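Spelled out, the chains give:
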Amino acid sequence: AGAGAERRSGKELTKVGSSGGEMWSRTLLKSLRGARQSSQQSGERSLGTLCIVEAKDGAGGLDSASKATLACAQKHLPKPFVALVASDAKGASEAAAGEIASLAGVETVLHGVSDKEGANGLLAEPLSQVVAALVGKLEPTHVVTGSNTFGKNLLPRVAALLDSAPITDVVQVVDESTFVRPIYAGNALSTVKFVGKGPLLLSVRTTAFGSEALETAQGAGAEVASVGAEEVAAGAAAEALSEWVGEEKSESERPQLDAARVVVSGGRALKSKENFEMLEKLADQLGGALGASRAAVDAGMCSNDLQVGQTGKVVAPELYLAIGISGAIQHLAGMKDSKTIVAINKDPEAPIFKVADYGLVGDLFKIIPELAEKLPSQK
Amino acid sequence: FLFDLLRVVMSGRRVLVAVKRAIDYKVQIRVNKDCTGVEDAKMSMNPFDEIAVEEGVKMKENKQADEVVVVSIGPKKCSETIRTALAMGADRGIHVEIDQNLFPLDVAKVLQKVVEKESPQLCLLGKQAIDNDCNQTGQMLAGLMNWPQGTFASKLDFDGEKTVQVTREVDGGLETVELTLPSVITCDLRLNKPRYTALPQIMKAKKKPIDTITPEDLGVSISPRLKVVSVNPPPKREGGGKVADVDELISKLESHGLA
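Here the protein sequences come in this chain order: A and B. According to my numbering, the residues represented by the first sequence are 1 to 379, in order. According to my numbering, the residues represented by the second sequence are 1 to 259, in order.
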């Protein structure tokens, strides 16, 4: 591990909450039990949706994937919903819980799955057991999370524990059991219907639900509580399987790539890391984030978290500037839903021009400096 | 039974690699006329699975593994995909033959049975199949086996005897986790660069054994929980617009309120 990486051990199980065992307020537990008993008699489930969101330390609030998850639940999935906040730090977990509690449709926000330091609290092996136990207790009809690396890592494992087939990377909700998801790098859309028993597990693509504004609740906010001791204990055995060792994260003042209004993206033709850095000034002038094609990352021009594409990040900004990017199928998958696409490439036959609104054929090493010079200075 | 027992006893470090036969990544797919799927096109080994095979073979070359077993689940022609893996250096193959298209849960259940039979110390899978883009099977297999999972792996370190350090490519950058063995790893783009198979390796591969079985042989009953209602093309994007120079580009950006 490189700069800023730390080794932390995830082996101690810290007690959750000051009182250890008392995790639910009495009234809430009573009303849920009552509801569940009557619903069991009618054969229906009582809770609508369980939302799983991730709160990272220092992130300054909910990330775009979490917001998309909550927006999807609020607008398209059965209410009420319970949100579970998984986090790498107690403070972040509590802050996020507070933010979610003010949303409409939320019944309870649960946090404190793990008080461990470092990202051990986000590991899939114990967390999936906690979620499975929580699903067993709450009996939601739907379980939803974001289709980011956290959700991709976690949800299928949860689904396997529950013997269920999840529907991942959803871009549209048709009805409560029918969803649309992209396949073949987004060159086809598959409408899938859940015909199984038990809860329906799904993950949502950030760009599909992220722009829907979250509605705040009228009146008092939802209950914020620690996850039950039983559920936390369900994850204990799995803690022996894995340990978080460290991380190398890029720090940047620029907007997050998956939420930015503008993305300035560089490809193979930039040739070097130094040249790639030329795009930074342009990004700042446009108030945008930096992105990259796979080729640029492979060549070591920038870090992997900038990669836009079928297996990297999917973005849909107001403006996507593709600079020196040829436009392979796999790259288009990650940006073809951008509102306006500008392409700058020496090769007039480059496939990127087929999707570009404004294509400029020419030498990027002349065009970019000219663009930077003529654009109004930093936003 | 005795052969299975012998196999387990003699297993040393066995690596099981799962490979999928999928539409070639270079193909521009087209949705078929009745909107049930895509038109037939050239098929190849899923690119992420090539990376998984390469990693297994490299482990053998570095004496970190004794045997690389390749498994594929699907129709008859999957045997071609297995042969490609054998040509890359895998030792033997298992073809679980079934004509129906499977969702990841059923794939994972079949793999679970193969894992129970073969007792590998490591399962390598590609991160996702480029046809359905699910990115689920490895995680599901790990959940069913109650094994640790190292997903989106860009680097593997087998320093310890009983553990593996996995560097993962995640949204924020890179993350390293340490997993106990046995575990499931899903391989990402930058883990390695798969080798080309030269004719001598292809010829050698023809003699390597492929065991053909069915899901029933493994005691798995396929029960899809999902139904594909329809497959449709995405909304068409009009492109091809051009600007003559930087000045024109800037005026266009300004008209959109972007500059």
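Don't take each hint at face value.
[Claimed, not checked] Distance condition first, Cα-Cα at most 20 Å in a straight line; then the derived PhoX-like pairs of lysine-lysine: (1) B:K236 to A:K339; (2) A:K197 to B:K227; (3) A:K346 to A:K271; (4) A:K249 to B:K155; (5) B:K227 to A:K193; (6) B:K33 to A:K366; (7) A:K354 to B:K242; (8) B:K242 to A:K346; (9) A:K354 to B:K227; (10) B:K206 to B:K155.
Calculated from the structure, these hints are not laboratory results. Computed from a predicted model, the values in this text were never measured in an experiment.
Of all the hints given earlier, name the ones this structure violates by number, lowest first. Hints 6, 9, 10 contradicted; others consistent.
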